[in-house]
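Asks: All chains should be modelled from the sequences, with the hints used to inform the complete structure.
These are the residues of each chain, in order.
There are 2 protein chains.
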Amino acid sequence: MKNSVLTTEDGNANETSAEFSVVEEPDVTAPRGFRAAGVHCGVRRKRLDLGLIVCDVPAVTAAVYTTNTFQAAPLKVTQSSLQVDGKMQAIVVNSGNANACTGVEGEQDAYRMQAEAARVIGIPPHYVGVASTGVIGERLPMDKISKGIQELKPQKDISASDDFCQSILTTDTCVKKVHVTVKVDGVDVQVAGAAKGSGMIQPNMATMLGFITTDAVIEPSALEHLLRSTTDATYNMIAVDGDTSTNDMVIAMASGLAGHQALHEGHPDWAAFATAFHYVNEQLAKAIARDGEGATKLIEVRVTGAASCEMARQTAKAVIGSNLVKTAVFGADPNWGRIICAVGYSDVPVQPDNVDIAIGGIPVVRRSFPVDYDEAKVAEAMKHDPVVIDVDLHQGKEEATAWGCDLTYDYVRINSSYRT
Amino acid sequence: MKNSVLTTEDGNANETSAEFSVVEEPDVTAPRGFRAAGVHCGVRRKRLDLGLIVCDVPAVTAAVYTTNTFQAAPLKVTQSSLQVDGKMQAIVVNSGNANACTGVEGEQDAYRMQAEAARVIGIPPHYVGVASTGVIGERLPMDKISKGIQELKPQKDISASDDFCQSILTTDTCVKKVHVTVKVDGVDVQVAGAAKGSGMIQPNMATMLGFITTDAVIEPSALEHLLRSTTDATYNMIAVDGDTSTNDMVIAMASGLAGHQALHEGHPDWAAFATAFHYVNEQLAKAIARDGEGATKLIEVRVTGAASCEMARQTAKAVIGSNLVKTAVFGADPNWGRIICAVGYSDVPVQPDNVDIAIGGIPVVRRSFPVDYDEAKVAEAMKHDPVVIDVDLHQGKEEATAWGCDLTYDYVRINSSYRT
Chain A
1 MKNSVLTTED
11 GNANETSAEF
21 SVVEEPDVTA
31 PRGFRAAGVH
41 CGVRRKRLDL
51 GLIVCDVPAV
61 TAAVYTTNTF
71 QAAPLKVTQS
81 SLQVDGKMQA
91 IVVNSGNANA
101 CTGVEGEQDA
111 YRMQAEAARV
121 IGIPPHYVGV
131 ASTGVIGERL
141 PMDKISKGIQ
151 ELKPQKDISA
161 SDDFCQSILT
171 TDTCVKKVHV
181 TVKVDGVDVQ
191 VAGAAKGSGM
201 IQPNMATMLG
211 FITTDAVIEP
221 SALEHLLRST
231 TDATYNMIAV
241 DGDTSTNDMV
251 IAMASGLAGH
261 QALHEGHPDW
271 AAFATAFHYV
281 NEQLAKAIAR
291 DGEGATKLIE
301 VRVTGAASCE
311 MARQTAKAVI
321 GSNLVKTAVF
331 GADPNWGRII
341 CAVGYSDVPV
351 QPDNVDIAIG
361 GIPVVRRSFP
371 VDYDEAKVAE
381 AMKHDPVVID
391 VDLHQGKEEA
401 TAWGCDLTYD
411 YVRINSSYRT
Chain B
1 MKNSVLTTED
11 GNANETSAEF
21 SVVEEPDVTA
31 PRGFRAAGVH
41 CGVRRKRLDL
51 GLIVCDVPAV
61 TAAVYTTNTF
71 QAAPLKVTQS
81 SLQVDGKMQA
91 IVVNSGNANA
101 CTGVEGEQDA
111 YRMQAEAARV
121 IGIPPHYVGV
131 ASTGVIGERL
141 PMDKISKGIQ
151 ELKPQKDISA
161 SDDFCQSILT
171 TDTCVKKVHV
181 TVKVDGVDVQ
191 VAGAAKGSGM
201 IQPNMATMLG
211 FITTDAVIEP
221 SALEHLLRST
231 TDATYNMIAV
241 DGDTSTNDMV
251 IAMASGLAGH
261 QALHEGHPDW
271 AAFATAFHYV
281 NEQLAKAIAR
291 DGEGATKLIE
301 VRVTGAASCE
311 MARQTAKAVI
321 GSNLVKTAVF
331 GADPNWGRII
341 CAVGYSDVPV
351 QPDNVDIAIG
361 GIPVVRRSFP
371 VDYDEAKVAE
381 AMKHDPVVID
391 VDLHQGKEEA
401 TAWGCDLTYD
411 YVRINSSYRT
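As you go down the protein sequences, you meet chains A and B in turn.
Per the UniProt record's numbering: the first sequence ends with 420, consecutive numbering throughout.
Per the UniProt record's numbering: the second sequence ends with 420, consecutive numbering throughout.
Since the hints were made in silico from the structure, they are not lab data.
Don't take every hint at face value.
Identical copies go unnamed one by one, so any copy, or any two together, can satisfy a pair.
[Claimed, not checked] Result set (EDC-like, lysine to aspartate or glutamate): computed pairs, CA atoms no more than 20 Å apart in a straight line: (1) Lys377 <-> Glu138; (2) Lys397 <-> Glu310; (3) Lys76 <-> Glu105.
Replies: What follows is the structure in structure tokens.
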């Protein structure tokens, strides 16, 4: 299990913009009020498989959920609980079993998980969110889960944070955590996040879970809108294998303990906070994409010159989702024909004779026609991580970026024998 | 290069319905009036790479083309030529080079290919269809093509038919050919077809070419409608890797030399002819799906109980297109969670608690809930070819079938090094 963090791998390490600073050792318990824990309860063979984030006070909370029709039981429980008053004070997560397609019993299990965590913490059940990830269609081993919940001793330190980050993983090969600080009204506000990804990552969302903690004071509707628009530009722009899972959820909890004026779109530091929040989620999304099952490289598809944001996103998603592009990147084969082909079937009305493509910054297609380029140089660029593909549609000023990974032998190996 | 024919592999061999008889050794030159040829002209290293079908008379012709925005030059040429009077008398095809994304020069090359074939045959250029398949973005080696066109000596026999069938292949591992006879007004009418497929096969169409010859007398609009509806239920229901190519085309030529009353929807033998025509195309589509790059098995997804035909098709396509389902079939892993997951993200409004799934005829999910089944037995069923997945939505009476193949190490191998 690697403990790498994306920000140290893609050249953005220690990045500090005018607006926020990246914290080198991410800690989801760093925002005021938060504690975390992660234990092994036995759903998985050896690894940590039960995690908890808890807040000293009810936190303003927003969440986005999978669009899959077969929404798993824990999501239903979380969604309806959050509707009570828009606040949560804890979230309990297990890995190894998705508690999806488990019928009425599965819903009862999720409610029981919620109730037992609430009792241990001493808060009302509706303040506890529930999340699960893993195999579909099997009942949760509730005896193990119940025992594990008793053993969760949330702490405010980086080791507890890391236990939590570990406990939510399935086939992930590394933890995904990001942490920034941003000034609001002169106060240092913390925004941290942890995520799990790997297989079944696809717009819109997938077997991915994201947990954001912050001590910002923020109006509920502002957090809700911010999470939704951020999700559209980050988690909904990543693709590993085109499948959207039953269990995806991103949840953001704001303790409000930083003590500044409440944030909303009109607050003078709103832009700074929103940028920091976006950064945390984008880094988590990229970390998920890079750690796609069997992946050796992150692919970044940047579409510019689109007539609308939606068109830019749709084009970028078509290219990032192409198995042929993904295998070409794995083989470092500058086969731009596959890229233009994906642009062509994206259902976006592009001008067929007016598309530019660059791979690794090297122009290979101009006005839909191959330019004279050094193939060896492009192939060399495709051996590096990440591989950046630029597509200019020359239709307008909108742009979008999508992230994915290459398709490799290991993807096939992992997924042809997931359960056996 | 295997010379197997799908009909001998999937239990339908020598199938003879009340309406038509399957011919054991398919021959696209069997319909009255047709001849064929295939030669090696040097676009590919060793294999046959230039083919011709020619008819003694202008044939009533219908065609369907890729929906990819970057439609390749030969398709444009064929499409505009067919608009002259709805007839064609020949079709010339090369493999190894798609003549796509080749700009104005590429279009000139396609017109030249058409003109040179027309001159050799002695017919007007607009009676010659042109098709190309292979690498995108490189100019056709016109000297080789021109020389090859001179060498095409079309014959009316099975060996010439097989040369043609070979000449259109790219990464295909076997030729795809089907042939039936059907009685119309007491006359034996022949319907034969050849196709190429492999990578980039996806609704709607892909790097697939289909050529149907028949000696039926048929009204142009009837042939047009029949080809279109047949394509929607056959070629547009197969998926290998989700990519749709720039070069797809299916073209059907009817010489009219069988000499019966002209077929149209009101002809007493219309149903028999349409069934035979559908069979030829469905068998070709299945042969393409089974021969997907790296495939070891055909997957057949049958959706029943849908509220509309469109919903049935969309659901079937979502399941057949899932990389996770495809790898599970490769590994013979009865992971029905991936199937229900794909149903769930198909955007079809299914009832989440009312879906049945069977794998290899063994029920595994009833009312969206796992049933008690013998996992070893299902795993065993998944080792056989084809693997049939049944999905019942319990919403109505519409149904659809989609075909695809498993996702294997060889798919990755082939596509990560296609050109190098």
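Asks: Hints numbered earlier in the text: which of these fail when held up against the supplied structure?
Replies: The structure conflicts with no hint, since it agrees with every one listed earlier.
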